[in-house]
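Given chain A, work out where chain B with the ligand should sit, using these hints.
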Amino acid sequence: MVTYRPEGLDDAFTPTDGDVTGAAGGPTRPGGPDPDLPALGLRGWLRWAWRQLTSMRVALLLLMLLAVAAVPGTLFPQRPQDPAGVVEYLEEHATAGPRLDRLGFFDVYASVWFSAIYLLLFVSLVGCILPRTRVHLAALRGRPPRTPRRLTRFPARGGVTVPDAPQAVVERAAAVLRRGSSWLPFVPSYRVDVHDEGGGTWSVAAERGYLRETGNLVFHLALVGLLVSVATGQMLHYRGQAIVVQGTGFANVEGAYDTFERGTAFDPADLEPFTLRLDEFESRFDPQTLQSRDFTAHVTLTEPGGEPQERTIKVNHPLTAGGAKVYLQGNGYAPRVTVHDGAGELAFGGAVPFLPEDEVYTSRGVIKVPDVSAGQDQVGLVGYLLPTAEEWVPGWWRSTDPQPTDPLLVLSVWRGNLGLDTGVPQNVYRLDESRMEKVTDEAGDDLTLYLRPGETVELPDGLGTVTFEDLPRFVALDLRHDPALLGVLVFALLAFAGLAASLFAPRRRLWLRASPAPEGTGGDAAAAGTVVDAAGLARGDDIGLQPELDRVLDEVLGRTPAAHDRPDGGRPGRDHEAPTAAHGPGGD
Amino acid sequence: MDQVGLAQVSDLLVWGATTAFTIALVAWTVEMSRVAEAAQRVRGTRQRELVAAGGAPSTGAPVAAEAPAAADAPAGRARAEGIARSTTFLGLVLLLAGVVTRGLAAGRWPTANMYEFAIVGVLVAVAVLAVVQRRRTIAFLAVLVMGIAVLGLALALLVFHVQADEVQPALDSYWLVLHVGVAIMATGVFTVAFATSVLQVLRDGRATGRSHLERPWRSADGLRRWLHPLRVTGPRFAWLEQVPDARRLEALSFRLNAIAFVLWTFTLIGGAIWAEHAWGRYWGWDPKEVGTFVAWVVYAAYLHARTTRGWSGRRAAYFVYVGYAVVIANFTVINLFVDGKHSYSGL
Ligand code: HEM
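Order-wise, the sequence lines are chains A and B. Residue numbers in the first sequence follow our numbering, run continuously in steps of one, and reach 867 at the last position. Residue numbers in the second sequence follow our numbering, run continuously in steps of one, and reach 1071 at the last position.
Isolated chain B (complex conformation):
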């Protein structure tokens, strides 16, 4: 097959992966709501049992009626979860094939422009998700990561897409593999860590009964009423009681962030070495360099926050949000809207 044909096959594979991930996203969402329902049912049953034990004879019937439904739940869940897992896996395989064919079509390592960066980044994020999910399913994590993955792939295909091609001389270096490849891996791992931190804060809010939507906001009362159903302490978030406790999520998030941070440090150092070869200076405060530096400093602050008393836990998670936002802005805003030496995206 010629290069153009191969490039088209690659695009089709990535479209296929996007479709699979979309189905997986829906399935994971169903799975999450089932977990939530099951949680409520368990609680409901327990309450009714308490009432029954308290001596109200009329409640016997509903409990009996409820029992088979509760028994059903695992089977239904297994179906949604099975679909979710298999489509996630299918998407992963398709995406991997898409990335490989892309590299073959371009005749080089496929990390030279925003399109390739996005598809490889999604590949890493979903792969990390698969590893994290291996021991234990956390549907919410999958929903978040799949959401970001589908969004990322759609953006890549519709906005960032460029023809598979050779690169310009400045990119013709093995650092394209090391620096960019590691940056993508770091971004993928940061993504899963970010999702974990979101879950951690929600879980913590649920566990401690704290919700910002329940606080008396004098000025924004209408908004609060409107958002009230979304409060973390409400029934919609009952599924949170099924996820691991906040402390363990924090530990997971930290482990992922630590790995990603080391990779990010490598990206920073590798980028400086490459800049020394290609541009004649190792550091020049190019917008991309600034973005990478800011993200690095924020994650360093996160690591310090974790060991500062009163700043660990929930507050440390906020650093993860800021850090991840900087990482993503560094990829999107800086590439698309700011002129700099990194304007290689081909857009």
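Just chain A, with the same shape it has in the complex:
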């Protein structure tokens, strides 16, 4: 059967007997390059390597390699997503760990080998697409190929004998083909040529579906655009996290972030210095399952030179400010605590974020009190906040609800040196206990403080007092600026549109030849009229080809669609089918 070959990869439309789509597979031949070896020499080898790289076979190999290479990223913890997991893995696998680390297994998507695969793939893609684009641009100006001499070997066929003159039939056919489909009447669907073949024989050649190849090229080129946009974004982006407590503000400068990360081409001086203030935070939970249902942060946004504006930030609804998007990534409670030292001086006062650990917001935190009067021990308070506390076993408290209906702070007390002036940066959520000791009560047991809002307790040994003032909320905000976002979106959508066009837009060629019936077949020549022969060829499997050919024939002959007299009754592909008794009702 005749097949339609990919353009630019092969001699398009060359009728051959090898059936590429057949299950048995066509004759094996290397994908792109021709088999004769290049003349030796650097240039020859380079050209040979280039041809290999841009062959379909190598593209296939690289695609499979890419799929395989992406897998380890889910099997091993990855540094950008889960740095703690990497540390843990390295501790547990003392020998294999460092080796895997050297090979990049903990940052697969930035590793040399992963990058090499996709870069090669894209080089291959460009090398493959550019020549095809050239061929296609030429084809766009081209004419449909002339009607082949024999129309019998094509997958779609039709034929009939009519009384009209050949030229009239062919011109009617050309008109039908030029008109296009009934629901897109203004888009000419076929490019049509009419030929006078001499001897009273006329033929029409028509081709449609340049969109298919256009879509394919757009798709591949859009992938390149996508890669470039993503890389641009990597260079120009910044991203930072900040925790903002209710009633306080945040200014968009690098120093205000808890963590800040930027691309090499972004200058932190370009940060637009807007400010945000968290006015209120609302949360809603399912009363039965206690799962979260809604979070809303009410903020006041002040852009440089602008008036303060009230805004909200919700999950799925980031706020746009100063060219960045502000996301609500987390929330919790920040108990406001005041500590007076043994001398009665104010040693600490402020809201301390406690990080929620479960769905009832059992939250863990550390209060460090370094600024005590001279000669006194520094104090560290470690423990939990329970938004709705319940004593379920004497001495054991737990939270039963994420909302703060009956908050309780449960803290143990440490004294000594907090180690804040050692020069080593410290985690604010962790107490370095190496130079501290636990404070005990009179009985010698570890001291535990239980504090409700408004309560003050006195610490033993003249360490001072602790007051739980009130319980504001905090939000964890994520700010991100990526100027390439629009490019990424546009190229992704272009790729999608191109893909859909390249897979679904039919590419078809139709030919119709009308010639005077040979004398003598039907007795008298006038009644024999004109023999019309038609054939169709499509790129890929196209179930619509034969129906389209039938439709065109019907319209040309002014018939109702029911009566077809195809010479072989053959629908595409049917020719392989053995008539048997055991088909289902649809087949019988």
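Hints were generated in silico from the structure; no laboratory data involved. Quick reminder that beta carbons are idealized off the backbone N, C-alpha and C, glycines included. Hints should not be assumed to be uniformly reliable.
Stated by the list, open to error - Partner residues aside, some chain B positions facing chain A, computed with beta carbon under 10 Å: (1) Val891; (2) Ala996; (3) Trp998; (4) Gly1004; (5) Tyr1006; (6) Leu1060.
Frame of chain A, contents of chain B with the ligand only:
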């Protein structure tokens, strides 16, 4: 009816659909074996006729005895096929009702957790099967898809089931409909395409007389002998001669895969857009994202394989197997055993 009652009705409907599909599975299997028997009988009759024509007079009687049985076959087949078709249809209706009531009970689009994903995915797969079967019955395809459907529903009801409920804030978005809904549709279509590719390779093996179980495996001879009855060239697979030829199955599989691939591409892009809204980045190599990407790349490789000479046909079908395995692993393994941002399954 209150929401809890409605949720219970939904569960009952899904159980009902599972039952109907189980019956359909049995009926399709019977239908398949009948087709196989009929095929053998036709062949047997033909052989005997040849023998008779060769002049052995004693074979006349068996041929006569066989004839009524052969004539019976269509009626019996029609019965099995009728049951299979009607139970498939019944199951489809029950499942659709189950999905709708589930959505009503939860007060939202029913694609928020693994349970809902599984039941909607099965709904799509069986619906696609029904469309493919409309023109022409391919019992084997139905057996495979029904098998996957029953397995999927049983898993959903027994393992994945969670109470119908509202969703957490991150899922409260119209993307739940678009991204997840389209992902499910893609999975459903991939399922039927996968079954078609399995059939294609079996059919091809039968047609070309190639079976891996007949090759001389020196080391695993015992195993080979044990598996020998299952070889594709053996009598158990005689029914394969009744299914459309491998080329047409390949074309069908491609058409379905192409549709599913476009849907999958949409899932990928939609997921990235949603991630940009919800998580503050469009791509972060989350395990689910990786799985989706790997599946996409494998199916892209499949499309390239189809147009590479020497890789089309049977070999291209292997890409479909790998791709489908990744799609299914992305749904099961990643959700159940890997921690990531997609851990919304509620299990
Ligand atoms: C990033 C790597 C690539 C991806 C993700 C990709 C993806 C795709 C997809 C999804 C299709 C299906 C569209 C269709 O069938 O019309 C396709 C088609 C195609 N690709 Fe690629 N491709 C890549 C690289 C390449 C390379 C390197 C080449 C050249 C060697 C290539 C050549 C082709 C050709 C010729 C087709 C059309 C096949 C046909 O005739 O139907 N692609 N590609």
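Going through the hints against the structure:
no., hint, in the structure
1, Val891, "8 Å, holds"
2, Ala996, "7 Å, holds"
3, Trp998, "8 Å, holds"
4, Gly1004, "4 Å, holds"
5, Tyr1006, "7 Å, holds"
6, Leu1060, "13 Å, violated"
Figure legend: structure checked against the earlier numbered hints; the only hint not met is number 6.
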